[in-house]
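Mapping of the sequence shown onto numbering that gives the first Met the number 0: residues 0 to 520, in sequence order.
Watch out, some of these pointers could steer you wrong.
To be verified - Here are the simulated lysine to aspartate or glutamate pairs, EDC-like style, with alpha carbons at most 20 Å apart:
hint : residue 1 : residue 2
1    : LYS214    : ASP100
2    : LYS402    : ASP289
3    : LYS45     : ASP289
4    : LYS461    : ASP477
5    : LYS214    : GLU398
Hints are computed from structural coordinates only; laboratory data are not their basis.
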Amino acid sequence: MNRKSRFLFTVFAAVTASGMAAATAEAKTVVTMNTVQIFGTIDPAKISDYTDYMAAVNLYDGLVNVDPAGNLVPELAESWTVSDDTREVVFKLRADARFSDGTPVTAADVVYSVERLLRINQGPANLFADVLKPGSVTAVDDHTVKFTLSKTFAPFLSTVPAIMVLNSKVVEANLGDDDGQSYLATHVAGAGAYTLTSWDRGSQMTIDRNPDYYKGFGPGPIDEVRWIITNDEATVRSLAASGELTMSSQYQSPETYKALEAMGRFKIVAEDTPTAFYLKLNSKVAPTDDIHIRKAIALATDYATIREVIVPGGELNGPLPKNFADFYASDLPAPVYDIEAAKAEIAKSKYTGQKIPIVLGYVAGTKFEEEISLLMQANLEQIGFVVTQQADPWNRITELASKVETSPAVNQIFFSPTYPSPDSMFFTQYHSKAAGTWSSMEWLQDPEVDKLIDDARATTDKAEQAALYKTLQHRLVDLQADVFLQTQTVQHAMDKCLDGFKAVPMQSFDYDFTKYSWTCQ
Numbered sequence: 000m001n002r003k004s005r006f007l008f009t010v011f012a013a014v015t016a017s018g019m020a021a022a023t024a025e026a027k028t029v030v031t032m033n034t035v036q037i038f039g040t041i042d043p044a045k046i047s048d049y050t051d052y053m054a055a056v057n058l059y060d061g062l063v064n065v066d067p068a069g070n071l072v073p074e075l076a077e078s079w080t081v082s083d084d085t086r087e088v089v090f091k092l093r094a095d096a097r098f099s100d101g102t103p104v105t106a107a108d109v110v111y112s113v114e115r116l117l118r119i120n121q122g123p124a125n126l127f128a129d130v131l132k133p134g135s136v137t138a139v140d141d142h143t144v145k146f147t148l149s150k151t152f153a154p155f156l157s158t159v160p161a162i163m164v165l166n167s168k169v170v171e172a173n174l175g176d177d178d179g180q181s182y183l184a185t186h187v188a189g190a191g192a193y194t195l196t197s198w199d200r201g202s203q204m205t206i207d208r209n210p211d212y213y214k215g216f217g218p219g220p221i222d223e224v225r226w227i228i229t230n231d232e233a234t235v236r237s238l239a240a241s242g243e244l245t246m247s248s249q250y251q252s253p254e255t256y257k258a259l260e261a262m263g264r265f266k267i268v269a270e271d272t273p274t275a276f277y278l279k280l281n282s283k284v285a286p287t288d289d290i291h292i293r294k295a296i297a298l299a300t301d302y303a304t305i306r307e308v309i310v311p312g313g314e315l316n317g318p319l320p321k322n323f324a325d326f327y328a329s330d331l332p333a334p335v336y337d338i339e340a341a342k343a344e345i346a347k348s349k350y351t352g353q354k355i356p357i358v359l360g361y362v363a364g365t366k367f368e369e370e371i372s373l374l375m376q377a378n379l380e381q382i383g384f385v386v387t388q389q390a391d392p393w394n395r396i397t398e399l400a401s402k403v404e405t406s407p408a409v410n411q412i413f414f415s416p417t418y419p420s421p422d423s424m425f426f427t428q429y430h431s432k433a434a435g436t437w438s439s440m441e442w443l444q445d446p447e448v449d450k451l452i453d454d455a456r457a458t459t460d461k462a463e464q465a466a467l468y469k470t471l472q473h474r475l476v477d478l479q480a481d482v483f484l485q486t487q488t489v490q491h492a493m494d495k496c497l498d499g500f501k502a503v504p505m506q507s508f509d510y511d512f513t514k515y516s517w518t519c520q
């Protein structure tokens with residue numbers, strides 16, 4: 000019995016028991032997926048991490064989208080033009096674009112969405128704060144919107160998918176005294192293919208397909224998506240065995256993937272990605288305020304065991320994955336595991352000759368991160384560290400990251416490009432303006448790094464950009480800003496009837512369920 004027919008049987012039983020005609024029951028294609036962390040917000044002006052975007056890309060549409068190759072593709076905008084100096088971008092909206100309540104999407108809605116984003120100044124706002132000011136975005140007519148940048152910003156087009164368009168009339172009707180933040184915390188005012196049905200912040204979220212979605216759907220559309228929030232491996236295996244789970248999260252242990260595959264109903268889908276996995280090193284607290292300690296930690300990291308035994312991935316020689324080929328510093332050597340060299344670095348540090356307390360942070364309940372942290376503990380304790388393990392839920396980690404003194408000395412972080420440009424990997428993690436966010440727990444605040452990032456943003460000459468980015472990679476490696484563990488090989492256990500997962504180099508855009516289909520009858 001496939002997933003669709005199982006759901007139909009449940010509906011049939013329910014309507015029969017209530018005395019309704021069984022003929023009214025219609026099969027719905029339901030995908031149930033687990034995710035390991037809570038959805039923090041669905042407000043497009045405040046979304047910031049992979050679960051936030053996982054919901055947002057289904058509930059809202061932007062002007063443009065991103066394909067698996069990193070190319071921009073039309074969404075609400077059918078076309079766009081860029082001026083010769085790259086400081087003026089004009090988007091032409093689709094005439095048939097509609098919000099979920101059926102009202103047309105207009106240029107005024109785009110203007111409203113950007114102005115609100117800049118006012119609230121959270122989430123994606125940091126991408127635009129330096130180049131868009133109040134009044135920078137104007138409606139030329141109902142279907143034409145113009146962005147006028149205050150200065151050259153080379154990756155601007157790549158950042159535009161982060162702008163989700165709001166139904167301005169709905170938000171204005173529910174404005175309150177906080178710019179609609181209270182309303183949009185639990186309601187949706189967008190043009191996305193799905194609508195919010197239910198949300199229990201700590202346990203689940205359910206969205207339903209809008210049959211009147213302006214772009215329509217392909218064959219075998221997904222009618223309902225249910226996210227169950229759990230990072231407990233036993234729970235995931237139980238959900239799979241009961242037939243409830245359709246798709247696993249990307250953060251399961253190798254044992255769980257093997258167990259699900261052995262059930263016969265699941266296939267394991269794996270794709271290499273430009274997502275990087277780091278040990279973030281807080282450069283402002285002891286002992287990682289000493290560069291020799293940072294280098295010692297990197298040398299005491301058993302990269303091969305992590306990559307080949309604990310969690311699969313590719314080599315990462317610096318802060319930028321090889322996927323950004325034109326900008327990648329290919330002359331960077333691969334990091335090495337060398338305990339004796341680590342001891343030599345400690346001898347050069349201000350902490351030499353003493354026991355060195357250190358906190359290793361990771362996401363609570365994530366088995367492979369726990370295994371990595373225990374491996375690091377075993378290695379570091381050989382060379383004089385006194386390790387404290389600190390497992391926190393993700394929402395707590397984001398809180399801790401907001402202050403330098405509460406950011407752990409070491410924390411495991413996956414970072415995916417938030418837009419398909421190398422600038423995303425550098426500005427969002429290493430620029431001083433990003434400090435105090437979960438993606439920038441290094442608290443690096445290095446003027447040379449800032450200048451290299453700013454200079455690369457200010458030129459449209461690709462060769463000049465490449466030279467700047469390569470210099471920047473060497474600078475970050477020389478500083479040992481992080482331990483560069485590996486690139487992520489994303490894995491999902493998926494029902495064999497479900498197709499559509501393709502990794503996209505923009506945060507969680509690969510979980511846009513309009514791109515998925517149910518292939519079984």
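Each hint tested on the structure:
Between the alpha carbons of LYS214 and ASP100 the distance comes to roughly 15 Å, so the proposed pair stays at or under 20 Å and holds. The suggested pairing of LYS402 with ASP289 holds, with an alpha-carbon distance near 19 Å, which does not exceed 20 Å. For the hint linking LYS45 to ASP289, the alpha-carbon distance of about 34 Å lies beyond 20 Å, and the restraint is violated. Taking the CA atoms of LYS461 and ASP477, the gap is about 24 Å. The hint is violated against a cut of 20 Å.
With a C-alpha separation of about 38 Å, the suggested pairing of LYS214 with GLU398 is violated against the 20 Å cut-off.
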